[in-house]
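Q: Chains as they are written, first to last, in my numbering: chain Z, 29 to 315; chain E, 29 to 315; chain F, 29 to 315; chain G, 29 to 315.
Hints are computed from structural coordinates only; laboratory data are not their basis. What you are looking at is a predicted structure, and each value in this text was computed from that prediction instead of being measured. Hints may be right or wrong, so weigh each one.
To be verified - The following residues of chain G were derived to be distant from chain E, with all beta-carbon distances above 12 Å:
(1) Gly102
(2) Arg135
(3) Val165
(4) Ser252
(5) Asp278
(6) Glu303
To be verified - Using 27 Å as the maximum straight-line C-alpha spacing, the simulated DSS-like pairs for lysine-lysine come out as follows:
(7) E/Lys143 / E/Lys88
(8) Z/Lys143 / G/Lys243
(9) E/Lys243 / F/Lys242
(10) F/Lys143 / E/Lys143
(11) E/Lys242 / F/Lys242
(12) E/Lys276 / Z/Lys88
We put the beta carbon where it would ideally sit given N, CA and C, even for glycine.
Protein chains: 4
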Amino acid sequence: MEQRGIAITRCPFVLYTGPLRIDLNADVGEAFGAYANGPWSPAGTGGPGSPGGNDASLLKSVTSANVAAGFHAGDPSVLRDTIRTAKSHGVAVGAHPGFPDLVGFGRREMNVTAKEAEDFVLYQIAAVAGVAAAEGVRLQHVKPHGALFNMAARDAGLATAIATATAAFGPSLILFGLPDSEILKAGRAAGLRVAAEAFADRAYEADGSLVSRKKPGAVIHDASIVVSRAIRMATEKVVTAIDGTIVKLDVDTICVHGDTPGAADLAARLRAGLEAAGITVRAIGAV
Amino acid sequence: MEQRGIAITRCPFVLYTGPLRIDLNADVGEAFGAYANGPWSPAGTGGPGSPGGNDASLLKSVTSANVAAGFHAGDPSVLRDTIRTAKSHGVAVGAHPGFPDLVGFGRREMNVTAKEAEDFVLYQIAAVAGVAAAEGVRLQHVKPHGALFNMAARDAGLATAIATATAAFGPSLILFGLPDSEILKAGRAAGLRVAAEAFADRAYEADGSLVSRKKPGAVIHDASIVVSRAIRMATEKVVTAIDGTIVKLDVDTICVHGDTPGAADLAARLRAGLEAAGITVRAIGAV
Amino acid sequence: MEQRGIAITRCPFVLYTGPLRIDLNADVGEAFGAYANGPWSPAGTGGPGSPGGNDASLLKSVTSANVAAGFHAGDPSVLRDTIRTAKSHGVAVGAHPGFPDLVGFGRREMNVTAKEAEDFVLYQIAAVAGVAAAEGVRLQHVKPHGALFNMAARDAGLATAIATATAAFGPSLILFGLPDSEILKAGRAAGLRVAAEAFADRAYEADGSLVSRKKPGAVIHDASIVVSRAIRMATEKVVTAIDGTIVKLDVDTICVHGDTPGAADLAARLRAGLEAAGITVRAIGAV
Amino acid sequence: MEQRGIAITRCPFVLYTGPLRIDLNADVGEAFGAYANGPWSPAGTGGPGSPGGNDASLLKSVTSANVAAGFHAGDPSVLRDTIRTAKSHGVAVGAHPGFPDLVGFGRREMNVTAKEAEDFVLYQIAAVAGVAAAEGVRLQHVKPHGALFNMAARDAGLATAIATATAAFGPSLILFGLPDSEILKAGRAAGLRVAAEAFADRAYEADGSLVSRKKPGAVIHDASIVVSRAIRMATEKVVTAIDGTIVKLDVDTICVHGDTPGAADLAARLRAGLEAAGITVRAIGAV
């Protein structure tokens with residue numbers, strides 16, 4: 029397999045020697061009431077102007093769907109329709125719990141207690157899992173959303189609350205988070221399988237962290253560069269940082285942002301590019 | 029057993045000849061945030077001024093708990109704490125889905141579509157069932173709340189939506205509703221076990237319907253009368269209507285209102301009175 | 029003025045003989061958080077996929093803006109930005125109160141008491157008027173939204189509650205409603221100036237009511253027909269009903285729907301067409 | 029006036045030599061829907077179990093009411109009823125804006141932008157002021173609630189946002205905050221009159237800050253001590269810190285907590301004690 033050969037010659041960090049495989053995930057089910065899709069039309073048939081507008085297209089390309097549970101986005105009908113659409117495309121379903129902040133789209137940090145976080149994460153997992161079960165779909169994973177995701181990467185107490193809620197609901201759930209984050213540590217400590225997530229369209233610092241969106245170059249818009257970075261992430265488990273350094277990056281799943289113009293296109297190109305490079309694109313929990 | 033002898037001589041409607049048994053249910057988990065209980069103190073330790081204030085006491089007497097899911101009342105922490113308290117008292121747990129109308133406490137009729145109703149009922153069942161599962165408790169039943177309960181008694185379309193959502197989640201769930209209501213018909217049609225509910229502290233019309241709360245005498249405040257009516261409901265399956273008529277009434281479970289002063293006391297007296305009359309007070313789904 | 033001559037020869041209902049003038053109104057400020065516009069970007073710069081997406085364009089053509097207050101749509105930042113945009117285009121500002129039903133976009137009938145309606149309408153008027161005042165803009169009018177608008181057209185109690193709230197806030201406010209509706213009657217009874225509203229892109233029944241959206245032909249999509257109907261409404265105060273009858277129609281203001289594709293274009297064509305026909309398009313409350 | 033003589037002999041910090049006068053303020057209007065008061069019964073007739081339960085009693089004793097606006101607590105009917113009750117007792121009305129966090133009662137810090145804060149504070153001021161105006165009451169002041177109050181004491185950016193919103197609505201509004209806080213500085217910079225607030229039932233550190241509620245002794249429960257501290261605050265403008273130090277404290281208004289058992293009683297004793305000491309208890313904005 030040529031791709032892996034290249035990897036070996038170009039990077040000393042190659043550890044993965046099994047068959048090449050990657051998961052592609054996206055946040056979906058973020059429409060709300062009349063917003064993005066009209067009142068509960070088939071998921072994602074609306075325009076791209078709002079969260080949720082790209083769902084139907086995204087779900088043709090990704091393998092794992094992070095479904096909002098109504099706290100930062102989504103509503104019961106959007107949730108159910110999204111799960112149906114995901115199922116029809118063979119996409120694995122996960123819960124995407126967020127802060128109870130609909131107007132802020134879950135992007136504002138909130139100073140909640142560990143108990144509050146554990147309880148509202150458990151509630152959101154329960155809601156998504158139960159609706160999925162009614163549709164004959166078993167919940168695969170949990171990925172915190174927005175500010176909750178970011179805070180859980182560095183706050184051990186919050187990370188433990190999320191991992192505890194996840195494990196309480198189901199010990200076979202897979203917990204998504206940044207590589208080397210507190211949430212992955214907490215997930216492992218709770219006995220959960222974890223998945224390290226990377227962002228093909230985001231620049232990285234030399235220490236493996238994401239370049240802040242406030243800095244120029246934080247987001248990579250050139251689709252061919254995004255695809256080639258994703259291929260390297262999947263094959264060599266490295267990324268070229270913004271300063272040129274080659275950084276080792278544990279990557280089990282690559283996130284496709286759905287709320288940018290062209291997201292559906294990018295997802296399709298990513299999938300095609302990865303598969304053309306000989307990489308199996310498959311849901312993280314699939315056997 | 030004197031009580032049953034009396035029943036036989038006084039009423040021609042006695043059909044039930046098995047061991048005397050009844051379920052006592054109450055709406056709980058209706059505190060919200062700082063309301064009624066302070067921020068997530070143990071369920072029901074607050075005063076009686078607001079919904080949820082009587083939970084801890086009620087759960088000592090009833091056998092089935094209808095737990096709010098956050099749409100008309102309740103929040104993720106109240107929900108979880110209430111389920112824990114119910115479990116510690118051996119009380120069976122059910123979901124109590126309501127309209128998405130927190131400020132109206134789910135008591136205002138809303139003109140929702142069948143799809144909307146089916147989806148938000150399924151969501152609420154999922155949330156309660158999933159949190160219960162994390163606490164090692166299996167969901168026993170579903171009882172719609174407030175305006176949703178009342179509308180589903182007479183609106184076949186809405187009743188079917190609720191029954192469909194319940195059956196989609198779990199065919200072993202028991203659906204609660206008024207005797208001869210559309211919701212019980214819809215439940216049976218969906219293959220569900222149903223439970224006919226009566227109100228010991230409410231007056232009945234001669235046709236078996238509840239006397240409107242707007243009429244005098246609609247609510248019975250004398251605890252000893254309430255207890256004796258409950259005993260007759262459980263033993264003879266009849267109630268004396270407001271005009272003196274003896275009305276046959278299918279009764280599997282008797283509801284104790286939790287939001288009135290003295291509710292906890294009344295529940296305790298009901299339980300003691302029923303048991304003193306030789307009636308087994310046990311959760312509807314218990315074997 | 030040729031247009032008026034035509035009117036006189038073609039229709040016996042012409043009563044209006046002053047200078048030809050009409051108001052064009054649109055519902056705006058319906059974005060919410062991240063929905064339609066991204067997080068509080070300048071109003072209406074988003075795509076057309078969701079409510080609020082057309083605001084910036086619509087506000088170039090209409091003369092009165094019905095601004096959502098956060099109950100069925102909108103949020104504090106969208107509200108303020110929308111008022112600023114309206115002001116910059118010289119568009120008069122009105123409050124657009126709706127049911128407290130964000131997920132249902134205020135389109136679902138709710139069985140609220142008169143007191144509840146009066147209080148939440150007053151609250152919403154206060155919020156819009158106060159934010160407008162901080163921007164140096166005086167509130168011109170009140171137009172109920174969605175299901176509240178429809179119910180208030182036929183329910184005298186609800187209509188009185190809305191009119192009472194409006195008059196309590198400011199006796200100089202103008203109340204919008206369907207011609208001959210209960211809301212206009214209640215407005216007049218409360219001492220308010222009222223404005224009869226027509227819909228140029230909707231078909232009418234022979235009795236002057238709107239053809240239900242469930243019937244074919246209820247919405248007129250041909251822009252040139254919409255424009256010519258608006259001109260006749262403004263000049264002759266008539267509309268051709270779906271069965272061909274010429275119906276007299278009291279019209280002070282014509283509504284432009286903002287949530288359909290092409291809405292901004294239609295608004296621009298309406299304004300241009302009305303002005304080309306010699307009709308002054310000016311806010312209802314302007315001198 | 030004996031009291032003032034004592035003050036002069038005991039404390040070197042006495043600066044105030046005019047007639048002795050103090051404002052007593054309380055947070056009210058914090059009931060919500062069915063919570064605390066039943067569905068919109070007269071404000072504060074409910075039990076003490078929840079926020080809002082003590083309003084009717086508190087409003088007999090205080091001179092300034094901080095009325096919730098529906099974001100962290102309150103609803104349109106509670107708001108209006110509370111303003112009516114305040115008016116009937118001659119109590120001045122202020123807006124009590126909080127974070128949009130109903131389930132957290134506005135007590136959880138949220139990382140909002142300055143624009144978001146300015147806009148939602150303006151919205152809440154507008155709502156309270158407009159409803160008050162409809163009741164013939166002019167808004168006197170603005171006091172941020174809970175976490176917003178605490179953050180605005182130390183965060184200059186947030187403080188400026190709140191002061192800017194207040195000044196935009198009405199330059200005659202009085203802004204409440206802790207002595208020497210960023211919010212008072214920002215208020216003065218915005219040209220507003222400010223009022224320094226003290227807590228008679230809270231212990232102070234030697235640097236004039238409040239003792240954290242997590243420390244023992246943070247809250248003073250002995251009513252007679254609370255009253256005597258309030259008298260010293262009003263007369264000598266000092267407080268005895270937890271370590272015995274006499275601390276100078278700028279005090280224009282003293283806050284009475286309404287959400288503790290016995291709050292109404294304490295408010296009555298405070299008022300009586302202050303008046304018995306020759307201090308005029310009057311709203312801050314009254315002439």
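Q: Against each hint, give a clear statement of whether it holds in the structure.
A: Against the structure, the hints come out as follows:
1. The beta carbon of G/Gly102 is not kept farther than 12 Å from every beta carbon of chain E, the shortest such distance being approximately 10 Å.
2. With 12 Å as the threshold on Cβ separation, the claim that G/Arg135 sits away from chain E is violated: the shortest Cβ distance comes to roughly 7 Å.
3. Every beta carbon of chain E lies more than 12 Å from that of G/Val165, the smallest distance being close to 23 Å; the non-interface claim holds.
4. With a cut of 12 Å on Cβ distances, G/Ser252 stays outside the contact zone with chain E, its closest approach being about 26 Å.
5. With a least CB separation of 30 Å from chain E, G/Asp278 remains clear of the 12 Å interface cut-off, as annotated.
6. The Cβ of G/Glu303 lies farther than 12 Å from every Cβ of chain E, with a closest approach of about 30 Å, so its non-interface assignment holds.
7. Distance hint between E/Lys143 and E/Lys88 is unfulfilled; the C-alpha atoms sit about 37 Å from each other, more than 27 Å.
8. Between the alpha carbons of Z/Lys143 and G/Lys243 the distance comes to roughly 21 Å, so the proposed pair stays at or under 27 Å and holds.
9. Note on E/Lys243 and F/Lys242: the hinted pairing is violated, with a Cα-Cα distance of about 40 Å set against a maximum of 27 Å.
10. At roughly 31 Å between alpha-carbon atoms, F/Lys143 and E/Lys143 are farther apart than 27 Å, so this suggested pair is violated.
11. As the CA atoms of E/Lys242 and F/Lys242 are separated by approximately 37 Å, the hinted pair breaks the 27 Å bound.
12. Note on E/Lys276 and Z/Lys88: the hinted pairing is violated, with a Cα-Cα distance of about 58 Å set against a maximum of 27 Å.
Of the hints listed earlier, those the structure fails to meet are numbers 1, 2, 7, 9, 10, 11, 12, in rising order.
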